[in-house]
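Participant: One-letter residues, chain by chain:
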Amino acid sequence: MRLWKSWIVTRKDLSVFRKNKYVLYSLVAMPIILGVVLPVIFIFAFNAQMSVLPANQVLAGVNQVISLSTMYFVLIPAILPSIIASYSFVGEKIEKSLEPLLATPTTDGELLLGKSLAAFIPCMVVTYVGAAISASIIDFWSYTSPRIGVLLIPNSYWLLVIGVVAPLACIMSVEANIIVSSRVNDIRAAQQIGGLVVLPLIFVVIFASVSAQTSMLLALGVTVVLAVADVALFYLSREIFQREEILTKWK
Amino acid sequence: MIDTENLTRKFGDLTAVDNVSLHVDEGEVFGFLGPNGAGKTTTVRMLCCLIGKSGGQAKIGDYTVDNEDDCLKIRKIVGLLPENVGLYDSLSAYRNLDFYGRLYEVSDRKRQENIERLLRLLGIWERREDAVGNFSKGTKQKIAIARALIHEPQVLFLDEPTANLDPEAAKTVRDFILELKKEKTTIFLNTHNLDEAERLCDRIGILKTKLIAVDSPKNLERSLYNRKTIVHLDRVSDAVLAFVRNLDVVKNVKVSDSKLILDMDNPERDNPEVVRAIVQAGGNIQYVTELRSTLEDVYLKLIREASTQ
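Line by line, the protein sequences are chains G and F.
Residues in the first sequence are numbered from 1 upward in steps of one, following the working numbering.
Residues in the second sequence are numbered from 1001 upward in steps of one, following the working numbering.
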């Protein structure tokens, strides 16, 4: 596989996405909502009760803020690909550009990788920007709070989730969405079906939000599950991507 | 340059292309004529290694279609203009061509040169930074042709290049194909525009799932009525008629009003003798013409015959 060929496809897709206001607004809105608005709400809610809480409950509350703020950054890279990756092959179909693209001396694997990177890169950039903003807000709050007085992030849990779980969730979502995108003819259908991938991760986030502790065990478990899912989806996408079928069956 | 032998493609029970054998020379413009659903696009897709074949053999240059390694090489030496232009509307004309140039592995310098040359040739250079979505259909088609040529392919496949274009845009595209013909690019042209095929192609293949006929447009036109000469006289006298009937070179004579319709094997060689004979017999010749069938006549006849088989 020639990575530089994939990179050509990635760069083109990124240029196309940059011109698509719907994609652009979605990319900007998500980290603002999850990276800024949600931590601020948690902090305000927690601040209202903190003065009357005993020390052990303050610690539990702080852990919950970290847990929630961190796990939401698993959702961002899982949700965003349903917007971007669904444009991948369906977008090519709508522009009727798939046939000339498939006629170039590019292999299926190179095309798939190029398309995947084009969805992965902006999603992860946005995730990390959002995570950096969120971490700054939480650290500013915790450092200036008289009952905490320390920087909470980064800690090992945050590093594991943001550094490993989030990219794995993103890869899983990108692969699933590209598979869906190469099988359906309509962007909305691609987004809706692709969006289902996020459901299991939402359950994980809900579980994390009701848990008072930042669970390394949960994060490690999610890491393993996502890694297995990523590998399985990679092979599935290679099996499913048949250029002949895409050309002859798409109407 | 293009060779197929019994090339066949089936989709389930439906045979889209049935035992097509043809040869296209280097530098030749070969036209593929046929009604919708005749298998033209399927043939081109097979030859461009976009879809597989169900049977037979096909080669582009030295490379075998359907061989995985050769397919990448084939895609490198062929250019394809599909039926739909398939450009990226939000990207500029330059960026569209640059993207494909890179995928076709054209070096930076050559790619820039080719983009400039093609866009200047097509009169779009000044608008190279405009988004393709702002261009007219005809201009988009020109950019799509430039895209197919960005890597200087040895073989160019054009699938309905003037379909849905207004007459002016269609003429621009045809003129451009004529320019390419002068440069000796091998061109495989799918069309159902008979006039276009006649004007552009060295040879034409008529396809309706099977390849019904292959020949030059002139020979195809002649094939319908053999070779006939029409001699227009002020009147056809018995003496003239008898004189003409006695000529060995004339195989058959029909009279229609004041015209003689003569059946001959080689009119170019025999017409002078016939004209002299008619004048000697006292006939007053007004003019001499050839009875020609049009490509449309031939096409319709062959397609109808194929449909009834």
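Each hint should be verified, as a subset may be incorrect.
With a cut-off of at most 20 Å between alpha-carbon atoms, the simulated SDA-like pairs for lysine to any residue come out as follows [said to hold, decoys possible]:
| no. | chain 1 | residue 1 | chain 2 | residue 2 |
| --- | --- | --- | --- | --- |
| 1 | F | Lys1218 | F | Ser1092 |
| 2 | G | Lys96 | F | Glu1160 |
| 3 | F | Lys1137 | G | Pro105 |
| 4 | G | Lys21 | F | Ser1092 |
| 5 | G | Lys19 | F | Asn1134 |
| 6 | G | Lys19 | F | Ser1092 |
| 7 | G | Lys21 | F | Asp1089 |
| 8 | F | Lys1181 | F | Asp1202 |
| 9 | G | Lys96 | F | Asn1164 |
| 10 | F | Lys1059 | F | Lys1110 |
| 11 | F | Lys1010 | G | Lys96 |
| 12 | F | Lys1076 | G | Val23 |
A few chain G positions that, by computed beta-carbon distances, are all more than 12 Å from chain F [said to hold, decoys possible]:
| no. | residue |
| --- | --- |
| 13 | Ile43 |
| 14 | Ala48 |
| 15 | Met50 |
| 16 | Gln57 |
| 17 | Val58 |
| 18 | Ile94 |
| 19 | Leu102 |
| 20 | Ala132 |
| 21 | Val205 |
| 22 | Phe207 |
| 23 | Ala227 |
| 24 | Thr248 |
Covered stretches of chain G, as calculated for chain F (at least 3 residues, CB under 8 Å) [to be verified]:
| no. | region |
| --- | --- |
| 25 | 13-19 |
| 26 | 60-74 |
| 27 | 95-101 |
| 28 | 237-247 |
Note that these hints are calculated values from the structure, not bench results.
Glycine is no exception: its CB is placed at the ideal position from the N, C-alpha and C atoms.
Participant: Hint by hint, note whether the structure agrees.
Facilitator: Status of the hints after comparison with the structure:
1. Lys1218/F - Ser1092/F: violated, 43 Å
2. Lys96/G - Glu1160/F: Holds, at roughly 15 Å.
3. Lys1137/F - Pro105/G: Status violated; Cα separation ~27 Å.
4. Lys21/G - Ser1092/F: Roughly 17 Å between the alpha carbons, so the hint for lysine 21/G and serine 1092/F holds.
5. Lys19/G - Asn1134/F: It holds: about 14 Å lies between the C-alpha atoms, which stays within 20 Å.
6. Lys19/G - Ser1092/F: holds, 11 Å
7. Lys21/G - Asp1089/F: holds, 14 Å
8. Lys1181/F - Asp1202/F: The hint holds at about 10 Å.
9. Lys96/G - Asn1164/F: Cα-Cα ~15 Å, so holds.
10. Lys1059/F - Lys1110/F: Not OK: lysine 1059/F and lysine 1110/F at ~28 Å, beyond 20 Å, violated.
11. Lys1010/F - Lys96/G: violated, 24 Å
12. Lys1076/F - Val23/G: violated, 33 Å
13. Ile43: holds, 40 Å
14. Ala48: Holds, because the least Cβ-Cβ distance between alanine 48/G and chain F comes to about 48 Å, which exceeds 12 Å.
15. Met50: holds, 50 Å
16. Gln57: Nearest chain F Cβ is 53 Å from glutamine 57/G, so the label holds.
17. Val58: Non-interface label on valine 58/G holds, nearest chain F Cβ at 52 Å vs cutoff 12 Å.
18. Ile94: violated, 10 Å
19. Leu102: violated, 6 Å
20. Ala132: holds, 30 Å
21. Val205: For valine 205/G, whose nearest Cβ neighbour in chain F is about 34 Å away, the distance exceeds 12 Å, so it holds.
22. Phe207: holds, 41 Å
23. Ala227: holds, 31 Å
24. Thr248: violated, 6 Å
25. 13-19: holds (count 3)
26. 60-74: violated (count 0)
27. 95-101: Holds, because 7 residues of the region 95-101 of chain G bring their Cβ atoms closer than 8 Å to Cβ atoms of chain F.
28. 237-247: It holds, with 3 qualifying residues against the three required.
This entry does not satisfy hints 1, 3, 10, 11, 12, 18, 19, 24 and 26, going by the numbered hints stated previously.
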